[in-house]
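From the two separate chains plus the hints, produce the assembled complex.
Heads up: the protein sequence lines correspond to chains G and E, in order. The first sequence maps to residues 1 to 417 in our numbering. The second sequence maps to residues 1 to 143 in our numbering.
Just so you know, these hints were derived from the structure itself, not from any lab. Mixed in with the good hints, there may be bad ones.
Unchecked claim - Listed next, the in silico PhoX-like pairs over lysine-lysine satisfying Cα-Cα at most 20 Å (straight line):
#, chain 1, residue 1, chain 2, residue 2
1, E, K23, G, K414
2, E, K49, E, K126
3, E, K110, G, K364
4, E, K129, E, K65
5, G, K414, E, K32
6, G, K404, G, K321
7, E, K23, G, K364
8, G, K33, E, K23
9, G, K170, G, K203
10, E, K110, E, K129
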Amino acid sequence: MEIKSEINYSYLEYQGAPVRHEFPALHQDVFGKPLIYLDNAATTQKPWKVIHATNKYYVEMNSNIHRGVHYLSQKATDAYEISRNTIAEFINARQSKEVIFTKGTTEGINLVADCFGRYAVNEGDSVVITSLEHHSNIVPWQMLCEKRNATLKVIPIDENGEIILDEFEKLLDETVKIVAVSYVSNTLGTINPVKEIIELAHKNGSAVLIDAAQAVHHIPIDVQSLDCDFLVFSGHKMYGPTGIGVLYGKEEWLNKIPPYQGGGDMIKTVTFVKTEYNDLPFKFEAGTPHIEGAITLKAAVDFIREIGINEIARFEAGLLKYATEQVLQLPEVQIIGTAKAKASSLSLNIRGAHPYDVGVLLDKMGIAVRTGHHCTQPIMDFFCIPGTVRASFAVYNTMEEIDKFLESLRRAIKMLV
Amino acid sequence: MTINEKQDELIEEFEFLGDWMDKYEHIIEEAKELPEMDPKLKQDQYIIKGCQSKVWLFPEYKDGKLIFYADSDAIISKGLVGLIVRVLSGYTPEEIRDAELYFIDRIGLKEHLSPTRSNGLLAMVKQIKLYALALASTKKMPT
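So here's chain E without its partners, still in its complex pose (with noise of 0.2 Å):
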């Protein structure tokens, strides 16, 4: 599958969903659904910053692949970053670089995504491109 088609997947998904709460509830859905994160790598610096709650990412680059690991101490941010992670991870540096990521528009969530907002998507995603961005162009992860 590829990053678009994972990104109408979840459009598709949302598509359904009537209102506000009925969304939140599938964002803390996808939260439970995301894979545990291992304790030992929440550490500090993967911790992103300009959330109001902890963001751990954890970036692994294995057989040409960025893989991503995250968690939240709240549980919405957790929803949220697992739909980004849900598309983006598990794709050469190249693709993640170089996606467009339309579907947080589609599924209302732009308003998520302004910087004065205090939930930091947008700091998830640049994050996210920033691991990418490095290693398309040195083939090193960013320390």
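Pulled out of the complex, with its shape left as it was, chain G reads as follows (with noise of 0.2 Å):
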């Protein structure tokens, strides 16, 4: 899936004026410059919408949900089920009871490899993921491996950082129960063939899981269309709040396999004989959620919607073929990850220099980008670096900032190399 890009505007618009009045960190100054937010890809920063709507949650309708009589708890618990509507639209799930919340990415790839893990992988089987994978999304695969004495398997990619497919069909058989892959890959930008993954996989039988949390804030996502069974991201890098996360499953799996965590919510009856579960979604919802990150997560979707995520896509996609053209004239420039397909992230190594040094220089520089090896280990090991440096971006960021970003590299190399 390429995007295509346009790179005729320097900047995108929101409500009339450029995205980025709309953030209010990025408007400070660090060691005496201008902040220039290149770290898209950890996190996001937030706009006046998601902090007012926060802000709103607590003066207006704190209190707990789901089992409150009160007006107050009403109120809150249909903000927090009207943002599960409003992300399943959003992602076109069939239902909204297909959309969990969690905690984030992470804690949704755990809960899928342990609930599904119990009611499917069992010993001699086996689970694939791709050599791109954020360790999240492979220690709980390895965990769960451990545990039932089944295979990881590993699809391996070629030296631009694409998955080799031709591979993939080869570890397909009998045993593979789930194919755990990645839609964009944090660290290179990859943009993986989620699509065809998704269909070879469902004609060996085996289940897929999405992580999206790098894609859904910059490609559009329709899970129905991509078919796939489950699908993670997380609130804070789609500019929302940290500690909340989606999980999507199709009802038919989320009902066979069993309960997460065991507690309030989740249940609908409980003796100290037998618990029966609560239905969809609030099976895996157990406790008190992060209501306020749930109910905020819905400003989150709103603000992209309200631009719309072809538009984003193909402005992102602008700053990064700009981005990409720009750091190719500078000779000691090495990109790692040259996929045909990218999202957002822009990965770099400087001849001669290590990605840290680059890293504290351009914070000093007032530029914020992520060095080492962005929690993807094997994929450092695979092209034999300590790591990259790695700028991302997001709807705020201009052409001048990566102008800015530019200069700020030529000034490092000069001083490293």
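Given below as structure tokens:
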């Protein structure tokens, strides 16, 4: 899935003004320089819309949800469930009960690894992931495989950072119960061919989990058209609050697999002999949830929808294309991850300089990038590098910021090489 | 020269550096001046944990004094460890153990001392103090 880019606009608009006006945290100086925030793959800044929604929750409706008959509890419950509906619409789920609130992507993956694992993965079975995965989409499956005496199989990548689909087909056999793959690589930006992967896996009778943490705010997602069995993402990477995330699961699967945690809200009746579990989605939401986070996530989704995810995808593709072209003019720069289809993230190294050194100097020039292994050590091993410098873009970044990034990179190179 | 005199010397050097980039320029210079470390000493057991880059620190106990050799695959880390080695290497374990490192704060690198920072300046200092403490109390190098 390659996104058509348009580089003829230098910034995106929101309600008639540059979108960055909506983000108060962007308007500050660090070390005496205007902040240029290019660490969006780690987390995004929050728009006023989200900040106001958080405030509004505590000022107007703070109370526990689902069990209270009083006015405030009803109000909070309504807002919580409206948010669930909005998210279901946003990813085009058939029904809102297929949307489960979690702490984030990591919890979503752990939930599926645990519950799906208990239901479907037994001794001799296998789980397939890719070489591009974030540790959070590796370790839970490793833990599951250890527990169940199952095997973890890994789809290799090529030197561009693209999954080798032929190799994936070779891994598919009757032991493969689930395939877990990221939609977009957090380190390399590669957009994986998830549609093909899902089709191949389904033909083989395997379920598929899509880690959409780096995708949901960059490219349009339609879970019905993808036909994935599970899809997970985090609120904080999509302009929403931290500590909240979403697990989408097909109703059929969510009914089949056992609950994750026991506690309040996930039960219908409890006796000391037997507990009857609640219906979806509550079966997977034990205890008082992150109410404010779930409610506020709606504001983040609204923000994205008001601009339009297609518009965002085009704009960010333009930024990425421009940044890529610019850094390639520096002979010392080596881009790590040169897939045809990429979103948001640009990983690079300076020949003769450690990524850490580059990151420290950029920081002092007001530029926030991420350096290191980005929680993807197998990718670093594959490319035989200690880490990368990753610039990742969001709706509020501008061409001018990329120019300043380049200028600062030049200065860092001069000092280090 | 005492440890404190060395600290004062460093503070003076940094005093005239205007902005952060000048400071880092100086730290990079420091890295270049750090005596070469024997590649044979660059073993995993001498890597300081807690740094984003690899930092090796090798202690040698000779004639009652602790001497440190250090290197890093990142030049800024090498410069940082170089500053600490410059101040603390070549003293008795007791002197190193009792040294109060005020220069880090005074040259503006205090933020690097926070345990949550990934450059491991704190880990470097801790490791040196650990060698000194072990030698001062047992007269034996910890293994």
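> Which earlier hints can't be squared with this structure?
Replying inline: The structure breaks none of the hints.
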